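There are 2 protein chains.
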Amino acid sequence: MFEKLRIHIEKIVPLSDEEFEHISSFFTYKKYKKHQFLIQEGELVLCNYFVIKGLLKLVYTDDTAKEHIVGFAMEDWWETDFQAYYKQTKASMSLECIEDTEVLCLRLEDYRKLCEAFPQLEHFFLEKAYMGFISAQQRIISSMTVGIKERYQQLVEKYPSLIQRVPKSLLAAYLGVSRETLSRLSL
Amino acid sequence: MFEKLRIHIEKIVPLSDEEFEHISSFFTYKKYKKHQFLIQEGELVLCNYFVIKGLLKLVYTDDTAKEHIVGFAMEDWWETDFQAYYKQTKASMSLECIEDTEVLCLRLEDYRKLCEAFPQLEHFFLEKAYMGFISAQQRIISSMTVGIKERYQQLVEKYPSLIQRVPKSLLAAYLGVSRETLSRLSL
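If you're matching them up, the sequences are chains A and B in order.
Residue numbering for the first sequence follows the numbering used here, starting at 2 and increasing by one per position.
Residue numbering for the second sequence follows the numbering used here, starting at 2 and increasing by one per position.
To be clear, the hints were calculated from the coordinates, so they are not data collected in a lab.
No experiment lies behind these values; they were computed from the predicted model shown.
Even glycine gets a Cβ: it sits at the ideal position worked out from N, Cα and C.
One should not assume that every hint holds.
[To be verified] To give an idea of the interface, some chain B residues facing chain A are shown, with a C-beta separation under 8 Å as derived from the structure: (1) P120; (2) S144; (3) G148; (4) G177; (5) V178; (6) S179.
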């Protein structure tokens with residue numbers, strides 16, 4: 002189960018067997034059932050999660066109890082309430098399984114020890130952070146400039162395998178429209 | 002003029018005089034007048050810019066020639082069309098001076114050499130990337146969950162000095178509404 006993590010990291014930085022054995026010792030394997038929560042709003046966020054198998058939604062719930070989907074995560078993605086994790090504050094979002102899910106958990110103190118022991122992993126995490134930032138910025142631009150239909154098409158093009166697995170009601174909550182609006186657009 | 006950069010980096014990683022002297026040699030100082038462009042849409046993006054003095058806007062222009070403000074940058078901020086810079090593609094945005102501006106430019110090849118020579122700077126850039134990602138994610142959540150008036154108030158609270166310097170018409174283009182809508186809300 003750690004093999005996926007190794008392949009994932011080695012896309013950016015090469016590692017010896019000994020190095021990877023040491024690196025993997027910082028991670029904990031966990032298994033969750035569909036609908037289980039990895040992060041609960043209002044609680045401390047202990048881990049950043051690398052998804053080995055499954056599908057998750059990162060959800061922000063507003064004052065009227067309406068759910069907004071901030072992000073999805075599937076195989077080979079990292080997900081957490083990043084602000085709460087990194088700044089060690091309470092979660093403003095929740096992270097919930099859409100499918101049965103297996104993850105590797107990295108606690109913040111272990112993340113710090115890991116980067117100290119393997120400075121090349123800072124390069125790996127930096128690359129991931131840049132990609133996350135670029136994606137978030139593109140999402141901001143899309144939401145300002147194009148309509149729902151085009152944003153939906155962009156999603157399909159960017160993440161074809163994700164779209165097939167995510168229920169339409171959740172895609173609507175990600176795009177910020179109602180399920181009915183998606184249907185009206187024949188999406 | 003490099004002193005500001007040193008103070009900025011040393012908030013995250015300590016540096017010796019020799020180290021900083023070497024680091025600063027990777028940067029080039031440049032001065033621009035109000036309305037000048039640092040990045041033109043459709044052209045290659047050579048640099049990431051650290052702002053010493055002044056104010057900039059990062060602009061995405063849509064198919065109808067309408068300008069959308071993706072971000073502002075003032076003293077101590079970094080700004081570029083990050084996707085185009087990092088992936089060495091053509092700019093999809095432009096970066097323009099709202100005030101006379103002085104910057105330190107870091108070319109991508111120099112950024113890479115810099116990180117190779119000073120691995121602790123990857124830690125610095127990683128911290129910056131995380132903060133950028135967190136800010137972008139918060140902006141996405143705000144745009145999905147709260148109205149223009151509240152988003153304006155959040156801006157005022159988060160960046161009080163920025164708000165005083167940015168014309169209302171540009172704040173409207175950042176928030177994704179017309180100047181008239183801002184006025185109607187008495188903002």
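Results of checking the hints against the structure:
no., hint, result
1, P120, "holds (5 Å)"
2, S144, "holds (6 Å)"
3, G148, "violated (11 Å)"
4, G177, "holds (5 Å)"
5, V178, "violated (10 Å)"
6, S179, "violated (13 Å)"
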